[in-house]
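Those protein sequences? They're chains F and E, same order as listed. Counted from 1, the first sequence has number 61 at position 64 by my numbering; the numbering is strictly sequential. Counted from 1, the second sequence has number 96 at position 79 by my numbering; the numbering is strictly sequential.
No lab work stands behind these hints: they were computed from the structure. Among the hints, a few may not be true.
Residues from chain F shown here face chain E by an in silico Cβ test under 10 Å; the list is partial [unchecked claim]:
#	residue
1	15
2	26
3	30
4	63
5	118
6	126
Bear in mind the structure is a predicted one, so any value in this text is a computation, not a measurement. Note that the Cβ used here is the ideal one computed from N, Cα and C, for glycine as well.
Next come the chains, spelled out residue by residue.
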Amino acid sequence: MLSKKQAKVFFLGGTIFFSLIFLGLSYESVTKSIPKKTHADQITDAVRRGREIWDKNNCMGCHTILGEGAYYAPELTRVYSRKGETYIKTVLMSKTPWAPRGRKMVAYGMTEEEANDVVAFFKWVNEMDLNGFPPEPDKNLQP
Amino acid sequence: MKYKSQRVAYWFFALSMLLIILQITYGFIMAFAHYGMDGLHNWIPFNAARTTHINLLVVWLLSGFMGAAYYIIPEEAQRELVSVKWAYIQLISFAIVGVVAVIGFHFNWWEGRKFLEIPRPLDYLVVVNVLLFLGLILATLYKGKTQTTTAMVLAMGLVFAALLYLPGMIFFDNQALDSFFRWWVVHLWVEGVWELIMGGILAFLLIKLTGVDREVIEKWLYVIVGLTFLSGILGTGHHYYYIGTPKYWLVIGGIFSAMEPLAFLGMALFAIHMYRKGGRNHPNKIALSWTLGTAIVSFAGAGLLGLAHTLPQVNLYTHGTLVTAMHGHLAFWGAYGMLVFAMISYAMPLMTGRKVYEQTSNIYAFWLAVIGMLGMTTAFAAAGVAQVYLERRVGLDFMVAQQEIEVHFLVLILCATLFTTGVLIFVYNFIKYGRPTEEAMASGDEFEAVQPAAA
Ligand code: HEM
Ligand code: HEM
Ligand SMILES: [Fe+2]
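Next comes chain F alone, as it looks inside the complex (with noise of 0.2 Å):
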């Protein structure tokens, strides 16, 4: 029967040897293959300020975007192509609660500046490889 030793030597032994996998995947992950899948390189300035804002206001609280977030509101990562832009700035500079189906969002009343630097946030998301994330829809179920 397996000692209460052996069992010690199983768990220690199983840690380390996964974290030090672990590690180094993501190594490789976060210096090689997300920048390139995202491209990083084109990370503006408009991009940074877009993002700010979106961490600012916490719009993940009722949305999601690379499928994180709140189920409140729709997912966003692929909304530079679905809405485009002036749709986009439409809500974003609206000053009463946007609430095409009568579920509101917060009416924030963004300056002209701020909602181009959101779309270009959302520009760049809109480009990234995501392994085919969010899947397409199946034609033969198409209404």
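Mind docking chain E with the ligands on chain F? Use the hints.
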């Protein structure tokens, strides 16, 4: 209770009870908003309610873990805490940071990073606070007569939980990198080091409640936490499928995260086996119910419902939908919520000398809370699966699909009411226990209150 300083735990448990009630309140605000009743929108918009809900969750769980550590460590180390005064200072500063953060969320003072919304200046205070906590725990353990495996696993879980908070504080201008390290905190906490904390507390409770030999329990504790890290570390990959990360994570994350339920299965079998094997007829049956309950419900919520959407082929469709909320609720409640309730149920009679655990209402609290949460999970599941089908498979617009699933939130609210009733009864009994007393403290571990009546 053997050591006077163990009573510090009481106030951490009390804070925990206060905050869970607040957390639930914000849950109702969101459930009503999903159901179309968003009357509070101008004062508490959905994002403020959500951030408050999930941060209060983390704070009440941490408060429960800290209380558990202050209770368990002196007993395992066989000495008083090194300083009771500093433990109270740690408690008060912890509560203040939590309250300030929650108030700030209502005034747009936050970072929009799910689970890590606490703004940077407060993060530093959290770090100082946790260092103080760890200092007290580790010094007590180091100076103690014994360093048991149970205490070491618990302490190791606490130390690594603190260390893993740090990667979440690094700034990246790349959204994908920000997410990458956000998971070092969120995933490696709940599917890694928090399981050590869970294993440690569970082992302590099983030793006390079942009377099974410590060596046997601690051997299996090593095996379980070994399985946790074997699967959970590379299992982080199940969050790296679709966020701008390379494809090898699809394979690695899929394989290793699919093995994660094994650790939770181990936890459940371990608890059931020790319960059946144990000779001790401990009178505090309700503590035993919560202890077995946490081991079993965590396997259902984290293990099985996690497995349901962890394969990349499935996750492609469920990622970022209410299916995640289904799993998140039963996993957090089963693994960590019920664990804190188990610890409180065990410790309160020993600290206060009162036998509130004999009252039938405890049984109602247990079953209402567990059944209510299972109902909520089912409501989220129905809503989530329908959302995936309508939005992701058929391709309906987000809000069109949301209107179709609105009715499930009515069911959610009904089940949440059952759940809340159970929690309120538990809190009411907590209050009825009153404060720790001198007599109870002087009477040691095996004092009269917990002896079987006939023995
Ligand atoms: C007690 C343990 C666990 C807790 C408390 C927990 C909780 C959560 C929470 C809150 C989320 C949402 C996180 C976010 O989006 O920021 C999540 C996501 C996820 N969990 Fe767990 N979990 C646990 C264990 C597991 C296990 C064992 C598995 C797999 C077998 C699993 C699989 C997943 C997956 C695949 C996601 C991503 C969902 C998505 O793509 O949106 N979880 N979990
Ligand atoms: C009355 C009880 C509760 C209600 C009505 C409720 C409702 C909700 C709602 C509506 C959401 C937001 C979903 C969205 O983003 O659209 C949410 C999120 C969440 N709640 Fe609760 N909740 C309750 C209690 C709890 C409890 C007791 C726990 C933990 C033990 C919990 C853990 C969570 C977590 C982890 C999330 C984030 C899930 C994710 O992002 O995937 N909730 N809750
Ligand atoms: Fe995970």
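Right, here's what the structure says about each hint:
The beta carbon of residue 15 of chain F is positioned within 10 Å of a beta carbon in chain E (closest approach about 4 Å), and the interface hint is therefore held. Interface hint at residue 26 of chain F: satisfied, since its Cβ lies 6 Å from the closest Cβ of chain E, which is below the 10 Å cut-off. Taking 10 Å as the C-beta cut-off, the interface hint given for residue 30 of chain F holds, the closest approach to chain E being about 4 Å. The criterion of a C-beta within 10 Å of any C-beta in chain E is met by residue 63 of chain F, whose closest approach is roughly 4 Å, and the hint holds.
Checking residue 118 of chain F against chain E: minimum C-beta separation of about 8 Å stays under 10 Å; hint holds. Below 10 Å, beta-carbon pairs count as interface contacts, and residue 126 of chain F has one with chain E at about 7 Å; its hint therefore holds.
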